[in-house]
Amino acid sequence: MISDKISEWFYQYNKDIYHFLVYYVGSGDIEDLVQEVFIRAIKGFDTYQSKASVKTWLFSIARNVGIDEIRKRQRNRIKSVINFSDSEPKEETTPELILHMNENNRILYQVINSLKDNYRDVIILRAIKELSVSETADILNWNENKVRITYHRALKALKEKKEVIQYER
Numbered sequence: 001m002i003s004d005k006i007s008e009w010f011y012q013y014n015k016d017i018y019h020f021l022v023y024y025v026g027s028g029d030i031e032d033l034v035q036e037v038f039i040r041a042i043k044g045f046d047t048y049q050s051k052a053s054v055k056t057w058l059f060s061i062a063r064n065v066g067i068d069e070i071r072k073r074q075r076n077r078i079k080s081v082i083n084f085s086d087s088e089p090k091e092e093t094t095p096e097l098i099l100h101m102n103e104n105n106r107i108l109y110q111v112i113n114s115l116k117d118n119y120r121d122v123i124i125l126r127a128i129k130e131l132s133v134s135e136t137a138d139i140l141n142w143n144e145n146k147v148r149i150t151y152h153r154a155l156k157a158l159k160e161k162k163e164v165i166q167y168e169r
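Quick note: the sequence shown, position 168, residue 168 per UniProt numbering, numbers continuous.
A couple of the hints might just be wrong.
Here are the simulated EDC-like cross-link-like pairs (lysine to aspartate or glutamate), alpha carbons at most 16 Å apart as the crow flies [as the list claims (entries may be wrong)]:
no.	residue 1	residue 2
1	Lys55	Glu8
2	Lys15	Glu36
3	Lys72	Asp32
4	Lys15	Asp29
5	Lys5	Asp46
No wet-lab data here; the hints were simulated from the structure. As the structure is a prediction and not an experimental result, all values here were calculated from the model.
Model the full assembly from the supplied sequences, consistent with the hints where possible.
Put into structure tokens, the structure is as follows:
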């Protein structure tokens, strides 16, 4: 039975996977990530081929879970840089807060639209729509390296322009 096999693997490898994820992603809810590894193992049990060892297969899943976590953290940092976290409604919405959120959205919109076209496109696709590098490359008809480089430069330009606009206020 699948659940018995996964349980056996869990008891055998969970500490190794835990330590791997601590080193891979740093601090955070590592226990949740370990659970995610084994949830994915259950879902992908049919795809497991005995060519690789169980430990190798579980570590490859753990690596993918770690990559997903790092990407999620990067998206959250990017959103905070471009001020999206302030634009989400809070539980206690006051007229002043609504005015402040609308002003932040207006500034963000103004800054994004002041960027050159390539920067604007890559910011919208990567940071706002959260598309992968390869999806963005397909849409823009670029290679993945160009997406990465342009995205990095666009974030830098976005941050600089945002600071200039806030300074002028």
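Each hint, compared with the structure:
Between Lys55 and Glu8, the direct Cα distance comes to roughly 12 Å. Compliance with the 16 Å bound is thereby established for this hinted pair. Note on Lys15 and Glu36: the hinted pairing holds, with a Cα-Cα distance of about 14 Å set against a maximum of 16 Å. The suggested pairing of Lys72 with Asp32 holds, with an alpha-carbon distance near 14 Å, which does not exceed 16 Å. Restraint check for Lys15 and Asp29: the C-alpha separation of about 14 Å stays at or below 16 Å, so the hint holds.
Taking the CA atoms of Lys5 and Asp46, the gap is near 12 Å; set against the 16 Å cutoff, the hint holds.
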